[in-house]
Amino acid sequence: MRPDGEAVLEVRGLVKHYPLTQGVLVRRQVGAVRAVDGVSFDLRRGETLGVVGESGCGKSTLGRLLVNLERPTAGEIRYRGEDITRLSGRALKAVRRNIQMVFQDPYTSLNPRMTVGDIIGEPYEIHPEAAPKGSRRQKVRELLEVVGLNPEHINRYPHQFSGGQRQRIGIARGLALRPEVIVADEPVSALDVSVQAQVVNLLERLQAAFDLSYVFIAHDLSVVRHISDRVAVMYLGRLAEVGTDAQIYEHPTHPYTQALLSAVPVPDPDARARRERILLLGDIPSPANPPSGCRFRTRCWKAQRKCAEEVPPLVVPERFRGTGGPAAHVSACHFAAEPGAPGDGEDAT
Amino acid sequence: MNEALLDVRDLHVEFRTRDGVAKAVNGVSCTVEAGETLAVLGESGSGKSVTAQAVMGILDTPPGRITAGEVLFRGQDLLTMGEEHRRRLRGDRLAMIFQDALSALNPVLTVGAQLAEMFEVHQGMTRRDARTRAVQLMERVRIPAAEERVGDFPHQFSGGMRQRIMIAMAMALEPDLIIADEPTTALDVTVQAQVMDLLAELQREFNMGLVLITHDLGVVADVADKIAVMYAGRIVETAPVRALYAAPAHPYTRGLLDSVPRLDRKGRPLHAIKGLPPSLTDIPPGCPFNPRCPRARDVCHTDRPPLYTVGPERTSACHFWQETLEDRDDAGARR
Chain A
1 MRPDGEAVLE VRGLVKHYPL TQGVLVRRQV GAVRAVDGVS FDLRRGETLG
51 VVGESGCGKS TLGRLLVNLE RPTAGEIRYR GEDITRLSGR ALKAVRRNIQ
101 MVFQDPYTSL NPRMTVGDII GEPYEIHPEA APKGSRRQKV RELLEVVGLN
151 PEHINRYPHQ FSGGQRQRIG IARGLALRPE VIVADEPVSA LDVSVQAQVV
201 NLLERLQAAF DLSYVFIAHD LSVVRHISDR VAVMYLGRLA EVGTDAQIYE
251 HPTHPYTQAL LSAVPVPDPD ARARRERILL LGDIPSPANP PSGCRFRTRC
301 WKAQRKCAEE VPPLVVPERF RGTGGPAAHV SACHFAAEPG APGDGEDAT
Chain B
1 MNEALLDVRD LHVEFRTRDG VAKAVNGVSC TVEAGETLAV LGESGSGKSV
51 TAQAVMGILD TPPGRITAGE VLFRGQDLLT MGEEHRRRLR GDRLAMIFQD
101 ALSALNPVLT VGAQLAEMFE VHQGMTRRDA RTRAVQLMER VRIPAAEERV
151 GDFPHQFSGG MRQRIMIAMA MALEPDLIIA DEPTTALDVT VQAQVMDLLA
201 ELQREFNMGL VLITHDLGVV ADVADKIAVM YAGRIVETAP VRALYAAPAH
251 PYTRGLLDSV PRLDRKGRPL HAIKGLPPSL TDIPPGCPFN PRCPRARDVC
301 HTDRPPLYTV GPERTSACHF WQETLEDRDD AGARR
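Note that the protein sequences, when read in sequence, are chains A and B. Read left to right, the first sequence gives residues 1 to 349 (UniProt numbering). Read left to right, the second sequence gives residues 1 to 335 (UniProt numbering).
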């Protein structure tokens, strides 16, 4: 945990719109799904940044943008100071070596016709400079060992492994090129709890061993808290709030974060009575037609006219600025306040 | 009236597969009273859904086969009664909620027609009255603008709304017992909270028995009265919810509790359970959990532990339940 390390990735104003078209012969654009709509953050060396949000909030699109699987509509992703979104050819390939991805579904992200050895070794085919030909087999064996699989199983096929073991194969493949950054999109959500813990522990161990920076995308707030140094909460293509795990989980100032946290069932029956639940009404609006101003306002109990008119910037709220307290972290809400704080929601100007 | 609402006795279910006979359920017994919520907790392959399907009579046979056991609903054995009789009970007195509403609802019928069908078939209502009841039900589960949306198809609703429509359908005839198989697993957490609240509210209102099948320890702690933990087709522990979370009496339950990260505190490394659940075609002799158990000794490899009574309304299928129970503190010291 090095909160003040240098930034490995700097993301600025990242936007990804998918066009919606109509017509068969003459296709014309009638709108756009604003999957990611102005996201900025830094990823620091050796840290884990958790990205949480509900389905459709754009967190997976964000992950795909970070590893250059998609080209952004606008904005920059700087890796070591260089904007990687406009790179192509050899330069792009070089950057990709350093930013790798682990996917959610260990059942569909591994080619069923390839052996485990070929799957994990495939990155070396694409980046031959990473390992001379003769040493590849040995490297793959080492990787299997590192992720807790038997190196003797190098010639087996994915279907011969359980879900948790397959996820380890995906992680080994992500590690093959010794990247600096790993973007993991829901890496444990397809796994049973007892196996999930094994994979979470493995990710933590590898981070320390290889000095990795993680972007950990997940919908499970408990897992994200466990693994993250900092957490970004996403809603409808934008970041609602970013802070350290303690700031976000113990002193959330954005109403969406508060509602999200209050909705998570805690495995403790005694907490049942203590917990104050904020029940949100309705569902997430469509990202093709997001609300004006603050995107959360249609489900927010604090919403006022200002929220429909002005987009709240992602800044440290004025009332907490310079206090140095745990509530002094960025939050995109006009009426940011800790839950139950005096004057909560009544500071409208 | 002394008999339980639902009384499952020594249920066994097998599946014939290419790799041999998979013993999915191996002697499950449990009871549910009116107004009570029983949570059946287990990981994939533990037999929890198969148990539910056997109780509801919707098991695919073949390849599935109920080889032994009784399922008493208000004292009548569902497994031996005629199919016609059983079908009348199903929907009317017993209902089920599935995980995936999109595949459980009929995609080519409007939700209104599917809801109305319940009243037409079971209560002989006219089409018009049934439609009115359908709209009322949709309002009851808080579908906005129910009157306009009664003619919409399932795919036109969001995931949370579809789940609520399925709850409406299960509730339609005010059954005595509802079996909900992972009802909120596919939903986002804010929507999950809405759906669980609705379910709990309706349960109270109609004093129903509820069997909640889930893998989520958080959801269980939130709504259940008592818990049955399943592993490899067996119930390994039953307990009232508070007692179980305070001090589990089976090492598997302990392992589950130690392996989930907590929202309300930042923990140490998670204590994962080593290894994998057994294949159901090849369940280890003795205690099925023995290859993964930190307490396993010789006797665990040879003798199958019975369900010991370990306290008021508590059972555990562990030879060493006593020491497991006493080890109530932090797991870190032990491993």
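Calculated directly from the structure, the hints in this document are not laboratory data. Incorrect hints may appear among the rest.
Unchecked claim - Heads up, incomplete: computed chain A residues facing chain B, CB under 10 angstroms, no partners named: (1) Ala131; (2) Ala263; (3) Arg275.
We put the CB at the ideal spot given by N, CA and C, even for glycine.
Comparing the hints with the structure gives:
1. Ala131: Given a least distance of 31 angstroms, the restraint on Ala131(A) is violated.
2. Ala263: Interface hint status for Ala263(A): holds (4 angstroms vs cutoff 10 angstroms).
3. Arg275: holds, 9 angstroms
Hint 1 from the earlier list is the only one contradicted by this structure; the remaining hints agree with it.
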